[in-house]
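These protein sequence lines are chains A and B, in that order.
If you're matching positions, the first sequence starts at 8 in the working numbering and goes up one per residue.
If you're matching positions, the second sequence starts at 93 in the working numbering and goes up one per residue.
Hints are not guaranteed to be accurate.
[As the list claims (entries may be wrong)] Cut-off 27 angstroms, straight-line C-alpha distance, at most; resulting in silico cross-link-like pairs (DSS-like, lysine-lysine):
#, chain 1, residue 1, chain 2, residue 2
1, A, K332, A, K410
2, A, K279, A, K16
3, A, K393, A, K403
4, A, K225, B, K343
5, A, K406, A, K279
6, A, K127, A, K144
7, A, K56, A, K226
8, B, K149, A, K80
9, B, K144, A, K56
10, A, K80, A, K16
11, B, K340, A, K81
12, A, K127, A, K80
13, A, K122, B, K153
14, A, K144, B, K149
15, B, K149, A, K122
16, A, K90, B, K144
17, B, K164, A, K56
18, A, K122, B, K144
19, A, K81, B, K343
20, A, K406, A, K393
21, A, K127, B, K153
22, A, K319, A, K283
23, A, K332, A, K34
24, B, K164, B, K149
25, A, K80, A, K122
26, A, K319, A, K332
27, B, K164, A, K144
28, A, K122, A, K16
29, A, K127, A, K90
30, B, K149, A, K127
31, B, K343, A, K90
32, A, K332, A, K279
33, A, K80, B, K164
34, A, K406, A, K353
35, A, K34, A, K283
36, A, K127, A, K197
37, A, K332, A, K353
38, A, K144, B, K153
39, A, K56, B, K343
Source of the hints: derived by calculation from the structure; they are not laboratory data.
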Amino acid sequence: METPLIEFKNITKRFGEQIVLENVNLKIYEGEVTTIIGLSGSGKSVLLKHIIGLLEPDEGTIFYRGEPINEMKKSELAESMSKISYMFQSNALFGSMDVYENIALPLLETTNLNKAEINKRVMARIEQTELTEAAHKFPSELSGGMQKRAALARALITDPNVVLFDEPTTGQDPVRKNAILSMIAQYQKKFNFTAVMVSHEIPDVYFISNRILALYDKKIVFQGTPEELANFDHPFNDEVMRSLEGLQKELTGLYSRRQFKVLHHAQLRSRKSDEKYCIAVFDLSDMNSIVSYMGYDAAQETIHSMGIYIDKHFGGIGGFSTRRKSNEFVTVLPFSNLAETESILKEFIEDFQQSGISDIWVDAQKKAPPDKCIDFSIRAGIAEGKPIDEIDSVIKLAKSHQKEIGRLRCAVKE
Amino acid sequence: MSFDEGKPNSSEINKSIGLLITRPFAIIGQNVISWINSVGAATIFLVMALLKTFHSKQFSKVIQQIYYIGAKSTTIIMLVSLFTGMVLGLQSYHALVKFSAQGSLGTLVSLSLIRELGPVLTAIMITARAGSAITAEIGVQRISEQIDALETMRIDPFRYLVTPRITASIISFPLLTTLFDIIGIIGGYISGVVLMGVNGGVYTHSIQAYVDMGDLSNGLVKSIVFAIIVATVCCFQGYFVHMREDSKGAKAVGLATTSAVVISCVLILVSDYVVTSLLMV
Chain A
8 METPLIEFKN ITKRFGEQIV LENVNLKIYE GEVTTIIGLS GSGKSVLLKH
58 IIGLLEPDEG TIFYRGEPIN EMKKSELAES MSKISYMFQS NALFGSMDVY
108 ENIALPLLET TNLNKAEINK RVMARIEQTE LTEAAHKFPS ELSGGMQKRA
158 ALARALITDP NVVLFDEPTT GQDPVRKNAI LSMIAQYQKK FNFTAVMVSH
208 EIPDVYFISN RILALYDKKI VFQGTPEELA NFDHPFNDEV MRSLEGLQKE
258 LTGLYSRRQF KVLHHAQLRS RKSDEKYCIA VFDLSDMNSI VSYMGYDAAQ
308 ETIHSMGIYI DKHFGGIGGF STRRKSNEFV TVLPFSNLAE TESILKEFIE
358 DFQQSGISDI WVDAQKKAPP DKCIDFSIRA GIAEGKPIDE IDSVIKLAKS
408 HQKEIGRLRC AVKE
Chain B
93 MSFDEGKPNS SEINKSIGLL ITRPFAIIGQ NVISWINSVG AATIFLVMAL
143 LKTFHSKQFS KVIQQIYYIG AKSTTIIMLV SLFTGMVLGL QSYHALVKFS
193 AQGSLGTLVS LSLIRELGPV LTAIMITARA GSAITAEIGV QRISEQIDAL
243 ETMRIDPFRY LVTPRITASI ISFPLLTTLF DIIGIIGGYI SGVVLMGVNG
293 GVYTHSIQAY VDMGDLSNGL VKSIVFAIIV ATVCCFQGYF VHMREDSKGA
343 KAVGLATTSA VVISCVLILV SDYVVTSLLM V
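Please take these sequences and the hints and turn them into a complete structure.
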């Protein structure tokens with residue numbers, strides 16, 4: 008069995024009389040995105056600070072690549088820790104330094120690289136994080152999203168193996184939250200680091216996470232994939248997930264995946280087994296190109312607008328939708344057969360081609376750099392299912408029927 | 093039910109009286125232990141900072157801090173020293189003229205400044221101007237997690253934040269004290285010679301004749317002691333602002349800054365007496 012990169016065994020941490028973590032056991036594997044979820048004040052940040060050595064446990068052992076860190080030599084420990092970066096919830100940028108100086112600081116202070124080499128590396132990170140125009144601005148002159156990117160660039164400047172993200176999306180609007188999560192996912196793939204993230208953003212973090220760790224009542228109560236978490240039978244799911252998901256529908260017009268499953272189950276449970284319902288699956292082509300050319304904010308604004316547009320059309324006839332993957336939406340029409348759904352979809356397509364796609368583009372343009380433009384298409388497919396059918400098989404069928412329903416060319420921009 | 097039930101017995105009364113008598117001693121004892129703890133912690137803090145003085149990447153940071161602590165304090169030091177010298181010249185003239193000893197004005201002004209007023213007033217002025225800024229700056233960096241960020245970047249916060257400030261203070265204080273002495277003596281010349289008519293040659297000759305290297309070195313030794321005290325206290329208060337029990341956050345930074353200035357000023361005066369006593373032996 009693969010040795011975990013980081014492992015906690017019976018970790019307990021107290022602050023005075025207060026126990027924050029109690030017999031915590033967890034495993035974090037190399038090359039994965041692991042997200043720690045839990046309510047505010049449950050000790051997620053404390054847990055993260057143990058990984059990088061900012062806090063030491065009162066009891067228990069932390070293992071790094073199978074070796075207990077309290078038995079490592081000082082030089083070995085320093086070597087291991089030097090491969091870990093930490094992105095603070097508050098960004099912790101130095102207010103008296105500009106963005107360039109903030110990013111260059113770790114190289115200036117911990118390496119013997121010459122100025123030209125440092126400049127080359129810093130400028131590369133600045134370009135990768137789209138901060139070129141902000142390079143000589145101070146943190147107080149930047150927006151929240153730009154500050155996050157500057158903090159991320161600083162965390163990545165030393166080419167770490169592990170990056171710890173302490174609530175990277177705190178204080179951001181829904182669009183920017185998704186933009187930051189996409190950015191983390193993209194950089195994780197690009198630089199191949201192990202990401203450990205503390206977040207509240209459910210279900211958005213599922214799209215980028217390989218593993219979820221659930222912290223509840225001072226313990227890790229769940230370790231597994233996002234799919235496994237949906238079927239996890241524990242008070243955590245009732246108390247925590249419900250409160251975290253509460254605002255999702257209000258903010259995006261879409262249900263969380265768990266709420267979607269519950270709704271799906273509730274709507275179809277009372278139906279006769281031979282009654283029929285329909286599912287529509289929409290997706291936005293080539294998300295990576297959109298992100299690369301237009302930037303994270305514009306890509307997320309496109310997805311956000313599309314979600315609202317779908318909900319606007321199908322919500323009125325009893326349909327309910329969720330975002331299943333980063334660029335895929337699923338809508339259940341519990342009271343419509345295939346013929347009715349085809350007719351509704353036809354109307355949707357007409358409206359979508361006339362005004363929907365350009366509306367989405369207008370929204371995206373608000374967030375995109377002025378001279379950037381890219382072609383993209385939206386596909387839709389429908390399928391009919393019965394209450395006894397597995398929802399995944401109906402979704403699969405709908406996907407197999409997908410065809411292009413709209414394409415935006417750069418000409419539309421003019 | 094017995095009538096005496098609930099009535100304290102004599103051993104309980106004795107215990108209460110004993111507690112009443114010992115309580116003030118307990119409070120004093122606790123405060124003394126706490127004070128000794130703080131002194132010990134500050135001493136370790138100073139030693140740890142000094143051990144990192146000769147790190148290869150310190151030079152530019154020390155120069156930068158000399159600029160903030162030293163160069164930027166010159167105007168205020170010059171202003172204060174000029175008027176201190178002038179007042180000293182004026183007061184001393186009126187005292188000496190009663191004994192027809194105005195020829196000793198230069199000696200009196202210069203020795204007062206070089207031995208005592210120069211090091212003390214310079215240290216107090218730098219505490220007010222730069223010391224408070226050091227505490228506030230480090231304190232804000234602590235509460236905004238910038239010091240934690242340094243640790244996660246494997247940058248030693250002691251080396252990066254504390255050592256340059258202590259080193260720069262040790263270099264700046266004697267230089268500013270020397271500047272204070274010179275300008276103060278000029279101030280004494282202005283009030284004594286220019287305004288009161290004391291002979292200029294007598295004024296300068298009395299300085300030359302009675303001020304020796306011992307006086308100068310005593311003043312400089314004091315200024316170095318004050319530099320170590322002020323820089324250590326101010327850095328210490330800012331660095332551990334998050335551990336204050338009386339408040340947290342921005343308020344804690346404010347209180348830490350006040351504490352740093354008050355403690356530094358008191359310690360300057362206390363150590364002035366101690367150092368003077370030792371140097372006089």
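What hints, given by number in increasing order, does this structure fail? Structure breaks hints 2, 4, 11, 12, 17, 19, 25, 28, 31, 32, 33, 35.
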